[in-house]
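Protein chains in written order, with my numbering: chain X, 12 to 633; chain H, 12 to 633.
Warning: the hint list may mix true and false statements.
Identical copies go unnamed one by one, so any copy, or any two together, can satisfy a pair.
In silico DSS-like links for lysine-lysine, alpha-carbon gap of 25 Å or less [claimed, not checked]: (1) Lys509 x Lys594; (2) Lys231 x Lys286; (3) Lys527 x Lys237; (4) Lys594 x Lys511; (5) Lys304 x Lys231; (6) Lys594 x Lys145; (7) Lys304 x Lys511; (8) Lys623 x Lys107; (9) Lys361 x Lys288; (10) Lys283 x Lys498; (11) Lys257 x Lys500; (12) Lys360 x Lys268; (13) Lys149 x Lys594; (14) Lys594 x Lys630; (15) Lys527 x Lys240; (16) Lys511 x Lys340; (17) Lys360 x Lys149.
Because the hints were derived from the structure by calculation, they are not lab data.
There are 2 protein chains.
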Amino acid sequence: MATDQISQIGDAANRMRISAIDMTCASKSGHPTSSASAAEIVATLFFGEMRYSVEHPRHVGADRFILSKGHACPILYAAWEEAGLLTREQTLTLRKIDSDIEGHPTPRLNFIDVATGSLGQGLGYAAGMAYVGKYVDKASYRVYTLLGDGESSEGAVWEAAAFSAHYKLDNLVAIVDVNRLGQSEAAPLGHNIEMFADRFRAFGFHSIVVDGHDVAALLKAFAEAKTIKNKPTAILCKTFKGKGIKDVEDQDNWHGKPVAAEAVKEIQARIKGDKPKWNIPSVVTDVKEHDLKLGSIKMSSPPSYKLGDKIATRQAYGTALTKLADTCKQILAFDADTKNSTFSIEVLKKHPEQFVECFIAEQNMVSAAIGAGCRDRTIPFCSTFAAFFTRAADQIRMGAISFANVKLCGSHAGISIGEDGPSQMALEDLALFRTVPNSVVFYPSDGTSAERAVELAANIRGIVFIRTGRPALPVLYEPNEHFEVGKAKVLKNTLDGKGKGVVLIGSGVTLYEALKAHDELNSAGIKSAVIDLFTIKPIDTNTILETARAIGENPQIITIEDHYQAGGIGEAVASAVSSSNDKIRVHSIFVKDVPRSGPPDALLDMFGISAKHIVAKAKSTV
Amino acid sequence: MATDQISQIGDAANRMRISAIDMTCASKSGHPTSSASAAEIVATLFFGEMRYSVEHPRHVGADRFILSKGHACPILYAAWEEAGLLTREQTLTLRKIDSDIEGHPTPRLNFIDVATGSLGQGLGYAAGMAYVGKYVDKASYRVYTLLGDGESSEGAVWEAAAFSAHYKLDNLVAIVDVNRLGQSEAAPLGHNIEMFADRFRAFGFHSIVVDGHDVAALLKAFAEAKTIKNKPTAILCKTFKGKGIKDVEDQDNWHGKPVAAEAVKEIQARIKGDKPKWNIPSVVTDVKEHDLKLGSIKMSSPPSYKLGDKIATRQAYGTALTKLADTCKQILAFDADTKNSTFSIEVLKKHPEQFVECFIAEQNMVSAAIGAGCRDRTIPFCSTFAAFFTRAADQIRMGAISFANVKLCGSHAGISIGEDGPSQMALEDLALFRTVPNSVVFYPSDGTSAERAVELAANIRGIVFIRTGRPALPVLYEPNEHFEVGKAKVLKNTLDGKGKGVVLIGSGVTLYEALKAHDELNSAGIKSAVIDLFTIKPIDTNTILETARAIGENPQIITIEDHYQAGGIGEAVASAVSSSNDKIRVHSIFVKDVPRSGPPDALLDMFGISAKHIVAKAKSTV
């Protein structure tokens with residue numbers, strides 16, 4: 012690149028630095044110093060390296076950029092201002108309540124794919140995008156992500172690094188802005204940049220060390236990265252926090268604080284020329300927009316179980332996902348070395364190109380899947396033991412803020428897994444996924460409904476969780492039974508309006524216990540109804556209320572769940588009916604303590620969620 | 012070590028291998044193959060390296076051993092059988108419901124410090140123990156942990172590695188059983204053991220590569236580790252899954268499956284001598300038992316705020332923890348590079364020896380703190396933004412199964428943090444911590460109660476969460492106000508039994524909104540009471556019911572929380588009162604959608620949790 016172009020990019024970096032200072036002065040908060048260290052890196056990417064469209068920032072053929080160190084977003088907003096997408100008036104609305112120019116980046120902005128701000132997640136997103144670019148789209152767009160040195164302490168970074176190297180993602184460049192300073196003190200490696208290079212090298216990257224304020228060196232590093240085959244590249248940039256800001260550069264105690272507005276004068280003086288008309292390289296053309304056809308994705312064949320056949324819902328998950336993959340090439344199944352337990356292995360067997368093994372790294376599985384779902388390139392499904400999705404709770408949280416389209420299936424829920432013991436038993440997963448804003452949570456109880464839950468999940472935009480179980484249990488529904496999001500099924504109902512009765516609500520293994528209890532209660536002269544919620548969120552308040560009203564006087568509900576109390580089915584039901592005028596009492600039966608190893612049936616009894624306990628509760632309350 | 016000792020350890024390994032096969036055959040489930048690869052490693056540790064007491068396995072002067080690859084516990088149980096602690100009858104009760112010999116290790120057994128089974132967490136526990144050994148106990152016991160190769164894909168391993176190297180934990184040895192095979196396919200690095208060695212080296216370890224079935228080589232490696240100063244050591248062991256088991260060794264599809272009982276015959280034939288009387292080296296004597304005096308730990312001075320003074324609860328946390336550190340040397344404050352925001356920096360300033368900077372690695376912070384709390388060596392408190400504890404949700408889950416004594420303080424809860432935006436706002440933390448079995452969850456609303464929550468937390472054995480907020484808010488309680496776990500405070504009460512009234516329940520910022528609403532409702536002629544729960548779990552059902560009864564007919568409660576609905580205060584209250592005969596209606600006000608950046612007050616209004624919304628709800632329902 013010619014000297015004048017290098018100089019122009021350097022000027023752009025300084026204009027962006029000034030813009031970042033101005034906007035954080037206007038908002039009286041934010042991160043000008045973390046922005047300043049990255050000014051030359053971001054300017055070089057935007058005005059010397061990346062191919063994109065200012066008119067259509069999320070064009071499918073554009074190179075991707077993820078600002079993993081999301082708190083430095085002023086420099087990103089400044090880049091889009093320099094490129095002409097945003098005006099100065101817009102960037103000065105940083106952090107205002109009516110502005111999408113938020114304190115950390117979110118996809119409310121049309122140039123952001125994924126929310127960042129919880130550190131260490133950008134490389135995982137990028138890895139998912141690069142995987143799709145290389146293996147699904149088979150296209151030439153490239154993926155860039157900018158990390159901070161402090162956030163490289165997050166283990167998720169190294170999960171993503173291992174994944175990227177394993178899949179030889181040579182379309183991926185990780186840039187680390189090693190500015191030496193964390194929030195509260197120096198980052199652990201300080202300016203020991205060679206140790207960063209060694210770490211990335213040991214994880215299978217090609218490492219390049221550069222002065223992160225040297226535009227020519229950065230351009231050379233990006234060019235070198237393009238020559239590396241079958242390996243991702245890491246560019247380790249030695250920088251200074253607050254670079255170019257007098258009395259602030261490389262000083263402690265300036266994290267997340269606006270600087271004096273006067274600082275811009277000195278920076279202004281370093282700008283050598285006028286702002287050029289940037290000539291951004293065009294997006295690549297070997298990738299096409301496609302319509303996901305949400306709402307009309309179908310399995311290649313309907314469920315085909317016979318009533319009473321025994322099938323585990325986890326097995327039905329594998330069957331259904333494979334039948335979706337038959338008809339929809341955008342379906343992508345991710346798993347974390349549990350595919351022979353979650354049954355996602357069925358997808359691998361029939362459609363190996365639609366399966367991604369993520370090994371034992373659940374955080375990265377979720378981040379990569381969120382990345383893979385961006386720009387509607389794929390519909391990602393992730394599976395592992397439900398207990399191990401707690402490992403990715405923060406990634407799931409950030410997925411919600413990313414308005415991500417990702418489906419998560421957690422198998423081996425609850426104490427009904429038996430002998431493996433408490434470390435493998437999900438007993439808080441319903442709470443975890445119910446907290447996710449706008450999520451849908453399915454808890455199918457038999458094979459037929461499990462297949463339909465998977466099919467529905469594929470057709471919903473957003474975060475969907477499907478809870479599956481280990482034991483094989485009898486099929487309850489005919490193949491042609493119709494299921495909808497948020498619609499429960501009343502399986503039994505002998506209520507007669509005479510006021511002596513109870514509604515039993517169970518899911519999975521506890522639905523079968525409720526059915527047993529119903530029969531026993533019937534023999535004892537106590538009327539009851541049994542509800543299969545199918546969807547835990549949104550909950551079917553109408554069906555619950557209507558069924559309970561059929562009791563007559565003194566309506567009562569007993570919920571039974573293979574889950575802890577907090578955030579589970581009992582609380583969901585209590586909360587759903589609590590504001591109604593019906594004044595329905597709700598009694599909750601749940602797992603009360605840390606469970607242990609043992610046979611499933613014995614555990615259901617010991618931890619109080621078997622039919623015996625339901626019958627006792629019903630007799631004592633009706 | 013003499014040749015006969017090497018041979019004896021080899022024999023022990025084979026006896027242990029047989030025992031592992033026998034017990035998994037008896038239980039018809041479990042992991043003999045993952046045990047077999049580790050047989051020589053564990054035998055060498057137990058009979059050639061570690062100093063411990065068979066009579067008192069958790070002696071404070073014993074070397075520590077953490078089986079990070081917890082599914083291989085049959086080999087650990089076999090080691091304690093070989094050492095004489097367990098009988099063959101006991102180990103054959105593996106996975107039975109009345110046996111503590113569980114499918115994965117838990118501290119129900121007297122030789123287990125921490126539960127394992129969710130992979131990748133052992134090195135973090137070990138790092139916490141080694142930190143305490145080196146810097147708190149200043150004692151000579153050593154810490155060993157055995158990892159699998161598959162689990163080394165977990166990022167938490169690398170967080171722990173970085174921490175261990177940063178703190179120069181030369182009393183720590185990480186052993187990796189590189190047996191090449193994961194659960195569902197080969198692990199990503201296969202037998203590329205040099206790459207493992209490089210990774211640990213790049214993270215600051217001394218790496219040693221050995222044949223993991225060669226006792227002499229293992230003994231030499233352990234001896235070498237003792238000569239390494241200011242660095243932890245990693246011993247990378249090349250092994251074979253199912254080693255020594257005919258037709259199973261190094262074969263795929265044998266993960267987690269019992270093998271044919273006949274396999275023991277060949278192994279038996281390899282045993283050369285009789286079982287010796289083991290001469291286990293004594294525990295070290297430079298560390299003493301101490302009594303934590305739970306129940307009588309006091310701050311050096313009581314809270315000293317004046318009513319109406321403005322103080323953030325996060326600041327009160329720092330003050331209180333420092334005052335506890337004044338009087339109790341076992342208090343240890345951990346933080347993840349947020350100490351100047353959580354105010355744990357106050358501990359660092361006054362008692363630097365009681366502060367541990369964990370950098371931006373929340374998973375490892377929690378695991379290390381759990382490790383640090385083992386054998387009652389310390390009372391660990393961890394702090395970071397409450398949102399970022401979701402990063403450690405699985406570590407917290409495993410903490411509960413470990414019956415860990417650890418305190419977690421999450422600051423910057425809710426939308427009231429303002430401009431930083433949703434990625435920094437905890438809105439699911441109450442759900443997360445309420446799901447933890449036997450946890451206590453404090454949500455103090457002012458400085459005085461926050462200090463008391465911290466003091467109470469130190470005196471409770473178990474997992475305690477304290478939610479603190481960013482904004483400075485008026486002090487509500489006199490310094491001498493008495494607080495108890497699970498006891499709410501009724502701050503206002505104008506209810507007169509005439510049936511037109513409402514109970515308002517808020518916490519933190521929403522308590523102040525409830526107080527404002529109370530005044531407005533009073534002016535409008537609607538009677539109300541305002542409750543400060545103080546403890547969210549266990550919830551004070553009695554105070555809630557009694558206060559609601561004072562309404563008279565048609566009792567109603569409005570809960571208001573800076574949190575999402577699921578698992579929050581509204582569901583906790585609805586669930587608490589739902590089974591009572593009082594038939595109290597509960598209306599919940601909560602954050603309904605992904606929030607955004609903006610000023611705190613404007614956000615409370617926009618997301619529906621301000622006084623205005625409380626008043627409107629009360630008027631519409633009373």
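Comparing the hints with the structure gives:
Within a single copy, Lys509 and Lys594 get their C-alpha atoms as close as 17 Å, and across copies as close as 19 Å, so both meet the 25 Å cut-off. Only within a single protomer do Lys231 and Lys286 lie at most 25 Å apart by alpha-carbon distance; the minimum there is 23 Å, versus 66 Å between protomers. For the identical chains of this complex, Lys527 and Lys237 are neighbours neither inside a copy (64 Å) nor across copies (61 Å), given an alpha-carbon limit of 25 Å. For a Cα distance limit of 25 Å, the shortest separation of Lys594 from Lys511 qualifies both inside one copy, at 15 Å, and across copies, at 17 Å.
Taking the shortest Cα distances, Lys304 and Lys231 never come within 25 Å of each other, neither inside one copy (42 Å) nor across copies (63 Å). Taking identical chains as interchangeable, the C-alpha atoms of Lys594 and Lys145 are never at most 25 Å apart, the minima being 58 Å within one chain and 60 Å between chains. Within a single copy, Lys304 and Lys511 get their C-alpha atoms no closer than 49 Å, and across copies no closer than 53 Å, so neither meets the 25 Å cut-off. When the C-alpha separation of Lys623 and Lys107 is checked against a cutoff of 25 Å, the pair qualifies only between copies, where the shortest distance is 21 Å, while the shortest distance within a copy is 57 Å.
For a Cα distance limit of 25 Å, the shortest separation of Lys361 from Lys288 qualifies neither inside one copy, at 51 Å, nor across copies, at 56 Å. Taking CA atoms no more than 25 Å apart as the test, Lys283 paired with Lys498 passes in neither setting, with 65 Å inside one copy and 67 Å between copies. Taking CA atoms no more than 25 Å apart as the test, Lys257 paired with Lys500 passes in neither setting, with 68 Å inside one copy and 52 Å between copies. Proximity of Lys360 to Lys268 under the C-alpha cut-off of 25 Å is restricted to the inter-copy arrangement: shortest distance 22 Å between copies versus 54 Å within a copy.
With identical chains, the CA atoms of Lys149 and Lys594 are never at most 25 Å apart, being 59 Å at best within one copy and 61 Å at best between copies. Taking the shortest alpha-carbon separations for Lys594 and Lys630, both the intra-copy value of 20 Å and the inter-copy value of 20 Å come in at or below 25 Å. Proximity of Lys527 and Lys240 under a CA criterion of 25 Å is satisfied in neither setting, with 61 Å inside one chain copy and 64 Å between copies. For a Cα distance limit of 25 Å, the shortest separation of Lys511 from Lys340 qualifies neither inside one copy, at 53 Å, nor across copies, at 60 Å.
Taking the shortest alpha-carbon separations for Lys360 and Lys149, only the intra-copy value of 21 Å comes in at or below 25 Å, while the best inter-copy value is 55 Å.
Going through the hint list in order, the structure does not satisfy hints 3, 5, 6, 7, 9, 10, 11, 13, 15, 16.
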